[in-house]
Amino acid sequence: MDAKESAERTETFSWVDPRVGLEHLPRLSGFDYLCGMRDGSIPRPPMASLMNLALIRVEPGRVEFECRPGEAHYNPLGVVHGGLACTLLDTVVGCAAHSTLPLGLGYTSIDLSVSYLRPITLRHRVLRAEGTVVKQGQRVIFAEGRIARPDGELLATATSSLLVFAAGHEIK
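My numbering runs 51 ahead of the 1-based position in the sequence shown.
Treat the hints loosely; a few may be bogus.
Unchecked claim - Label pairs and their in silico Cβ distance ranges:
no., residue 1, residue 2, range
1, D68, C137, 34 to 40 Å
2, S57, I107, 23 to 29 Å
3, L79, C137, 39 to 45 Å
4, S92, E62, 24 to 30 Å
5, S57, R108, 37 to 43 Å
6, E74, P201, 31 to 37 Å
7, R174, G219, 25 to 31 Å
8, A105, L79, 16 to 22 Å
9, D202, L79, 34 to 40 Å
10, Y125, P201, 19 to 25 Å
11, H75, R174, 33 to 39 Å
12, P201, G155, 17 to 23 Å
13, V191, Y167, 21 to 27 Å
Keep in mind that the hints were calculated from the coordinates and are not lab data. Ideal Cβ placement from N, Cα and C applies to all residues, glycine included.
Could you build the full structure based on these sequences and the hints that come with them?
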């Protein structure tokens, strides 16, 4: 066995068909839908399985996730790829916005601005990400997110604006 073969690793993950969770969406407010995801009565989306994300707290206008980065998330420089942090931040700002929406409304991101403050490595083990609605509007929601180590050391932040629309309608 050569060095390349002995260093090669594999990882397997599984997920529930996303249509199973989406079946609940038309019958629930954003808050209730997210509570179902947190409690496990609604399966988490496949992206959450792939990125090791877990929703742990939901309040109206605020969510908290845990993320456990793995070696498979490393970039060529030997740190967790910024795309994982960006995805985690996009998730928390979007879910914070979703937690404020009544039945029949949906959202989509307009923009996301991320600031990477420190490199993320496996020594961080568990990341805590929080999303908070800063301003609730009828058409646009403004939110911010942050990723920190469990000891509170801030690793990345984001701001986002999200468009609110009637669920089931095409955005024009």
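Hint by hint, here is what the structure shows:
Evaluation of the 34 to 40 Å hint for D68 and C137 yields a failure: the beta carbon distance comes to about 26 Å. In this structure the supplied range 23 to 29 Å is violated for S57 paired with I107, their Cβ-Cβ distance being about 37 Å. Against the hinted window of 39 to 45 Å, the Cβ-Cβ separation of L79 and C137 comes to about 27 Å, which falls outside the hint. Restraint check, S92 to E62: a C-beta distance of roughly 27 Å satisfies the suggested window 24 to 30 Å.
The hinted range of 37 to 43 Å is satisfied by S57 and R108, whose Cβ atoms lie roughly 41 Å apart. Against the hinted window of 31 to 37 Å, the Cβ-Cβ separation of E74 and P201 comes to about 35 Å, which satisfies the hint. For R174 paired with G219, a C-beta distance near 45 Å fails the hint of 25 to 31 Å. Range check, A105 to L79: Cβ separation about 20 Å, and the 16 to 22 Å hint holds.
A hinted range of 34 to 40 Å holds for the C-beta pair D202 and L79, which are about 35 Å apart. The beta-carbon spacing between Y125 and P201, approximately 20 Å, falls within the hinted interval of 19 to 25 Å. As the Cβ distance of H75 to R174 is approximately 38 Å, the hint placing it in 33 to 39 Å holds. The hint said 17 to 23 Å for the Cβ distance between P201 and G155, and at roughly 37 Å that hint is violated.
In this structure the hint that V191 and Y167 lie 21 to 27 Å apart at CB holds, the actual value being about 25 Å.
Of the hints listed earlier, those the structure fails to meet are numbers 1, 2, 3, 7 and 12, in rising order.
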